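Enquirer: Sequence:
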Amino acid sequence: FPSHDKVMIRSLSRVGGGNFLSLTQKLVSGGSTPPPDPIEISGAQTGTLAAGVYHVTGDLLVETGTSWTISAGCEFYFMDDYEIYCQGQVQCVGESGNRITFQMHPEATATQWGGFACSTRNELLNGDTAPDTGAEYKWLYCDFYDAKKLADLSAARSLKRGGAIMTYNADYIEIDNCTFDGCEARDNGGTIYLQLLNTSTRIISNCTISNSNCISGAGGAIAAAEASYTLTNVSFSNCTAPVFQYIVTGK
7 FPSHDKVMIR
17 SLSRVGGGNF
27 LSLTQKLVSG
37 GSTPPPDPIE
47 ISGAQTGTLA
57 AGVYHVTGDL
67 LVETGTSWTI
77 SAGCEFYFMD
87 DYEIYCQGQV
97 QCVGESGNRI
107 TFQMHPEATA
117 TQWGGFACST
127 RNELLNGDTA
137 PDTGAEYKWL
147 YCDFYDAKKL
157 ADLSAARSLK
167 RGGAIMTYNA
177 DYIEIDNCTF
187 DGCEARDNGG
197 TIYLQLLNTS
207 TRIISNCTIS
217 NSNCISGAGG
227 AIAAAEASYT
237 LTNVSFSNCT
247 APVFQYIVTG
257 K
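Quick note, our numbering runs 6 ahead of the 1-based positions in the sequence shown.
Since the hints were made in silico from the structure, they are not lab data. In this text, all values refer to a predicted model and were calculated from it rather than measured experimentally. Please note that the accuracy of each hint is not assured.
Ranges of calculated distance between the beta carbons of each label pair, as one might list FRET restraints [claimed, not checked]: (1) Gln97 x Ser48: 16 to 22 Å; (2) Glu180 x Gly53: 19 to 25 Å; (3) Ile45 x Thr236: 25 to 31 Å; (4) Gly64 x Thr236: 16 to 22 Å; (5) Thr52 x Tyr178: 15 to 21 Å; (6) Asp43 x Ser234: 42 to 48 Å; (7) Glu232 x Ala56: 35 to 41 Å; (8) Ser48 x Thr236: 32 to 38 Å; (9) Thr75 x Ser243: 27 to 33 Å; (10) Ile209 x Thr117: 30 to 36 Å.
For glycine and all other residues, C-beta sits at the position ideal for the given N, C-alpha and C.
Based on the provided sequences and hints, a complete structural model is requested.
Expert: Structure (structure tokens):
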């Protein structure tokens, strides 16, 4: 196999109290064999999404003034280069041994999905304007594979920053016990990009970021602008960028 298609065995299986996690063997970069009986999902989302297997068949949107909670045990398989736009609040609350996964379907027409784009500044997402009010975002015990923001900027696409997670104008951000593999961005922050609200709380802890790339900006793994954050017990491997291989923070 080419180096990027090698078999990778992950220690993500679970038994006992939760469902068996199918992502024990990632056959190629960007996908694994999904379990049967998926539920198709696209468009506006709100409320609480129950544990299950979901085929993402279009962009997902959390609209202004709404919230979406993703439960432990959710598995997302993206069928094309779709993004999750969050103008409202989103919380992905996985658990130890019952994680949330985001990855490409092995039969998808693309090799990457667009990650999360979270902003209460709607013009950054779709050209509209909105008040500058913050929101809360959480990703706990989540696994991200092949999330990339590479498309040209247009009214239908977010900024090309933070392959897996891009946040702008947030009151509270928590990213804990997450793994990121194969993420990439054309601009700053190959995996994570944070911007604005210096008084907000941003916590990134107990995470692993590997094979992350920033093509033309800074921060192969993480970039922050006009923002400060707390980084605790985060490991990096094989991260690349023209400037600052791992992290960069700017005012």
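Enquirer: Confirm or reject each hint.
Expert: Going down the list of hints, with the structure as the test:
Against the hinted window of 16 to 22 Å, the Cβ-Cβ separation of Gln97 and Ser48 comes to about 20 Å, which satisfies the hint. A hinted range of 19 to 25 Å for the beta carbons of Glu180 and Gly53 is consistent with their spacing of about 21 Å. Between Ile45 and Thr236 the beta carbons are some 36 Å apart, a value that contradicts the proposed interval 25 to 31 Å. Taking the beta carbon of each, Gly64 and Thr236 are about 35 Å apart, not inside 16 to 22 Å as hinted.
At about 19 Å, the beta-carbon gap between Thr52 and Tyr178 stays in the expected band of 15 to 21 Å. About 45 Å separates the C-beta atoms of Asp43 and Ser234, a value consistent with the hinted range of 42 to 48 Å. Checked against the given bound of 35 to 41 Å, the beta carbons of Glu232 and Ala56, roughly 37 Å apart, stay inside it. Restraint check, Ser48 to Thr236: a C-beta distance of roughly 35 Å satisfies the suggested window 32 to 38 Å.
Separated by about 31 Å at the C-beta atoms, Thr75 and Ser243 satisfy the suggested range of 27 to 33 Å. The hinted window of 30 to 36 Å between Ile209 and Thr117 holds, with their beta carbons roughly 31 Å apart.
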